[in-house]
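J.: Here's the letter readout for the chains.
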Amino acid sequence: MRGRFAIGPTLITVAALLYFFVPLYAAFQFSLQMKRGTLSFAAYGSVFQDGVFINAVTFSIMASAAAIILGAILVVPTAYWVRLRLPKLRPLVEFISLLPLIIPPVVLVFGQIRMFGSSSYLPLTTSDWGTNVLLVIGYVVLSMPYMFRAVDNGMAAIDIATLTEAAESLGASRFRIVTTIIFPNIRVAVVSGAFLTFSICLGEFAIASLLNRPAFGPYMVQLGQDRAYEPAALAIMSFALTWVLMALMQAFAHMKPGQKLFFRIPFKKKSPTP
Amino acid sequence: MSLLTVRSLVKSFGTNTVVKDFNLTMRDSEFISLLGPSGCGKTTVLRMVAGFEKPSTGAIEIDGQNVTNLRPNQRKIGMMFQSYALFPNLTVTGNVAFGLKVTGTPSDEITRRVDEMLSMVGLSGFGSRYPYQLSGGQQQRVALARAIAPRPRVLLLDEPLSALDAKIRVALRSEIRAIQRELGITTLFVTHDQEEAMAMSDRVVVMNGGRAEQVGTPDEIYNLPASRFVAEFIGALNLLPATLRDPATGHVETAIGMISLGRTINQSVGSAVTLAFRPESLRLMSLSEPTLGQEFVGRLVTREFLGAIVRFRAEVAGHLTLGIDCFNRAGGTLPQVGDEVRLGIHSEEILLLQ
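Residue numbers (our numbering), protein chains in the order written: chain C, 1410 to 1683; chain V, 69 to 422.
Looking at chain V on its own, in the form it has when it is part of the complex (with noise of 0.2 Å):
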């Protein structure tokens, strides 16, 4: 079932047309961010379905129900912003239980519910401060609470988490998660951090210039991006330029040499490719090793040593840098700067981007 359908979304500022035909189908309980560069229309179709703003054209159904002309007092969401926006008159127990006294709960089921959501977001006992009493993060989970205490049918998140410390984020998106998870609440979550899309995320659309780019789970978007922005958006890619020489088997000419990508191509013969691989595909072997596949030979650049991670430049056939990440392994030794290196990728690990 469906919860939250998005059909033919359209919003003009007068002649800027920031949201072009957006479409979205959630299904129940479901996590969906909208991950993108400023600008690119994702808050914009959260303030549509919040009924914040009002579509040009196109249509909003919340559980089967047209909301599209409804206002924002009328559509029982729930939303968290990135200032919390806390009412700063009301108490921690008052802000929560605000939207219950709005619908008219009896006082007793208000205190009981009020207690839950505090339990839940590990407030039990903070019922009597006042937000400027509180942490960012303190204050953050105040803001979920308020936001899930009249069970409302969709949650929308405005970046919440990105006005707080990085250590604070990460726990938080985990327990927000969980939260989310626990009450199979169907949630809408925009934000440009794609590290938090891809762990708290059922499904990842990833925008551009008011357009959904892709639609998919995490791991589609990152090893099977749809397009070249996505491509490059999500994590970090060597680019290779390369003419394809051979459709039928895949055979490439690069600068760096002939590539087989194993696959047949549907491009005629001659045409400009681009080669992309994510810097973890690349892998430094040692002389024993066995081949895998492709190929080359590289001189270490730089080395920036990360903790788990050991990130390497190398330059290959004279000009072309490429990324290559290695695990730090205690016991292995890593090569150093100046050091010439072998490098080696699957064929399958390789992307063709137009």
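Isolated chain C (complex conformation) (with noise of 0.2 Å):
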């Protein structure tokens, strides 16, 4: 009833609320206490001034990214093929997009050193660049589950098989109505399979850590190993890029066709040429 307090709701809400920011809180302030007897961004100071950890995330933000364009380049034809002719083969492909859920990333990346280790046909272990491609492959498997199923639920937005056949009457190609059709299109969920895809890869270690790749997940492990401050500074800043990602996600979420995220940059006609 409206007016009356529910106070079992409430306690739960109070509850729920106290058991995530509490330790998160404490992990802050604790942040803050590098110097003794006042509260400082001294250890946030810190971590920056490592160039190891600009390394890091530099390695891991250009691994995102290239791990980013490869699962939309698979996934999106992928998932489109699927929707308009192999609806069939749906529940398949939906299963196969979860595995990577099931097996652990170690399983995985040990599978991948066997395959291509220095003894294999393909010995992609033996240079960096090789190394480099497993692991963005890796990155793109792990995402799948993610990625997938943004893809699909942008595509069951949109009505595929009428907007295919219509672009098809006005002659495009096929590769024409992928690409300027159905991907701008589902450019939002897109955009949020890449973000979750971000925040992933971002944290990964098991991977990074066996290819032996300077990356973001593995350089959080040893500053854990080797600091008290920095982890717990690291710790908040990886929550407030999650944070400001999932911001970032939720806006291009809710933005129409011609909407400009931030702002528009007013214009007096444009003309209708390409």
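It should be emphasised that the hints constitute simulated quantities derived from the structure, not laboratory data.
A virtual CB, placed ideally from N, CA and C, is assigned to each residue, including glycine.
Careful: at least some of the hints might be erroneous.
To be verified - In silico contact screen, one side only, chain V against chain C (beta carbon under 10 Å); selected entries:
1. Pro-140
2. Gln-142
3. Met-148
4. Phe-155
5. Leu-224
6. Cys-394
7. Phe-395
What the hints assert, rightly or not - Using 30 Å as the maximum straight-line C-alpha spacing, the simulated DSSO-like pairs for lysine-lysine come out as follows:
8. Lys-144/V - Lys-88/V
9. Lys-1497/C - Lys-169/V
10. Lys-1497/C - Lys-122/V
11. Lys-122/V - Lys-88/V
12. Lys-169/V - Lys-144/V
13. Lys-169/V - Lys-122/V
14. Lys-88/V - Lys-1665/C
Now that you have both chains on their own, put them together as the hints suggest.
T.: Put into structure tokens, the structure is as follows:
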């Protein structure tokens, strides 16, 4: 009833918020206590001054960007084709896309090392370049459940079949349809899949560590062993980054075609030329 | 010259044959409707002409070119869909320009053509809007502009008006027809709405069970239905079982007495036939009016006032009910339920169904 104080739900909500925020606050406070007796951001400064940190973050951003692009190139046409022509295969494809959630990354990376190790036909692990390729492929596999689901949901929201037929009747090739009609219409879904991929890749430890790549995940673990305050600062920064990404995802998800995310550049009259 | 020829088209999905030996020849600039109940195969025929379905057997020719094995994007057709199917990520201009860009039209030519198309469908000034900012009727106009912008050889319309409000539907159908006439574009239209089909078409193909039951002008279809299905599907119909008594003079015996059809009937004496006539063929007559060939007496049991028309049902011979449509003329007095009335009909307005 409106106006009556619902005691049960309120208690549960408060308990849940405490459960989530108390440890977070504790970590945050701890991260500020690097200098004895005062609260300061010294731990954060120390993290940013570390050249290894910058390198690790840069490497992870590059690797996840590559994973996002490769993942989108693989997933978008697959999901499109399955929805359009092979709807019977959808349960199977969905199952395959969920496998990375069941199989631990350690198994995946051992498989990679056995398949592409120094004594294999395609010894990718013998070069930095090849190992990076394996890492990106591993990231693509890990993010597959999220990427596929996001893209598939995006496609469910638009009438793929009729839009394809409309474009075909106007003379468009399959490639043109996917690039100019399908992809822009599921861009929001791809972007949210990309953000999820990014947050997974940034924290990923097992694959990067076993392939011996200088990524952010192994760096965090190493820092956790070596230092006291900096890991707390890193954890808080990771949380902040994840929240920013989630906020961006929400903003993109509610964007209409033709809307700009942050502001509109006023223009007089756009000529309708391509 | 025939622009679109469909020959012996058959389409089966597994063991289910949805189109059986369908033939059609469309002349240049002709507007033909495929009309039929749902599941009659009309949409399948249209989709085969578009290239979205492959015929099991048969051939489709456009402008003398066999297109049966061409992909949809090679057929130079324009298509409108029930769900509009505008590209949500493109503006109105982008949508109309899409087909022109595909063919590599120079950009100044695209600008000119898009403006021309938008003014033709009455949407000048809407170019920078997105589909979600338009009403259903406006979206369907954009879809029409998009379909005709690349000058297709054939325009295919897949129930484009079904999702619209009644008023917009009627307005848009005359606009589509006017634009089709102006451009002289050969058009194949699929609908389940007989009024739409008759109002818009040069010829109507009435389909049933995957076959064309009758091909003809709207008045041929309505006035001279070739089969019982067509007669019953198009318009309302009164049916009266009868027994043939004299084939030479067309005398039949019915529950309401002997009726003379005034024409020779090629069937043997005593065979069972069905007389059929439209509700508007039956006339309510005043006592002073001279007789109209056939006449019988009935009692009005219902009366529906529909504005221009008043629809009665009359009981005759104690158990049969017949529908009667009368114009609602100002000043005239129409009978009420319960009244005994004289009903008259010209014998040439009575159809004989097998």
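J.: Under the criterion that the straight-line Cα-Cα distance not exceed 30 Å, is the pair Lys-122/V, Lys-88/V satisfied?
T.: holds (14 Å)
J.: Does the nearest C-beta of chain C fall within a distance shorter than 10 Å of the C-beta of Met-148/V?
T.: This hint holds: Met-148/V lies near chain C, its Cβ roughly 9 Å from the closest one there, short of 10 Å.
J.: Are Lys-1497/C and Lys-169/V close enough, with their CA atoms no more than 30 Å apart?
T.: violated (35 Å)
J.: Holds or violated: are the alpha carbons of Lys-169/V and Lys-144/V at most 30 Å from each other?
T.: holds (14 Å)
J.: Holds or violated: is the Cβ of Leu-224/V closer than 10 Å to a Cβ in chain C?
T.: This hint holds: Leu-224/V lies near chain C, its Cβ roughly 8 Å from the closest one there, short of 10 Å.
J.: Report holds or violated for the interface hint on Cys-394/V, using the least CB-CB distance to chain C and a cut-off of 10 Å.
T.: violated (45 Å)
J.: The hint names Gln-142/V as touching chain C; please verify it with the least Cβ-Cβ distance against 10 Å.
T.: With a closest approach of 8 Å, the Gln-142/V hint holds.
J.: Is Lys-88/V within 30 Å of Lys-1665/C, Cα to Cα?
T.: violated (46 Å)
J.: Mind checking the alpha carbons of Lys-1497/C and Lys-122/V for me, to see if they're no more than 30 Å apart?
T.: With Cα atoms ~20 Å apart, Lys-1497/C and Lys-122/V stay inside 30 Å; holds.
J.: Under 10 Å is the threshold here; is the Cβ of Phe-395/V close enough to any Cβ of chain C for the hint to stand?
T.: Violated, about 43 Å.
J.: Taken at face value, is the distance from the CA of Lys-122/V to the CA of Lys-169/V at most 30 Å?
T.: The hint holds at about 27 Å.
J.: Is the Cα-Cα distance between Lys-144/V and Lys-88/V 30 Å or less?
T.: Judged against 30 Å, a Cα distance of about 26 Å means the pair holds.
Of the numbered hints listed earlier, those contradicted by the structure are 6, 7, 9, 14.
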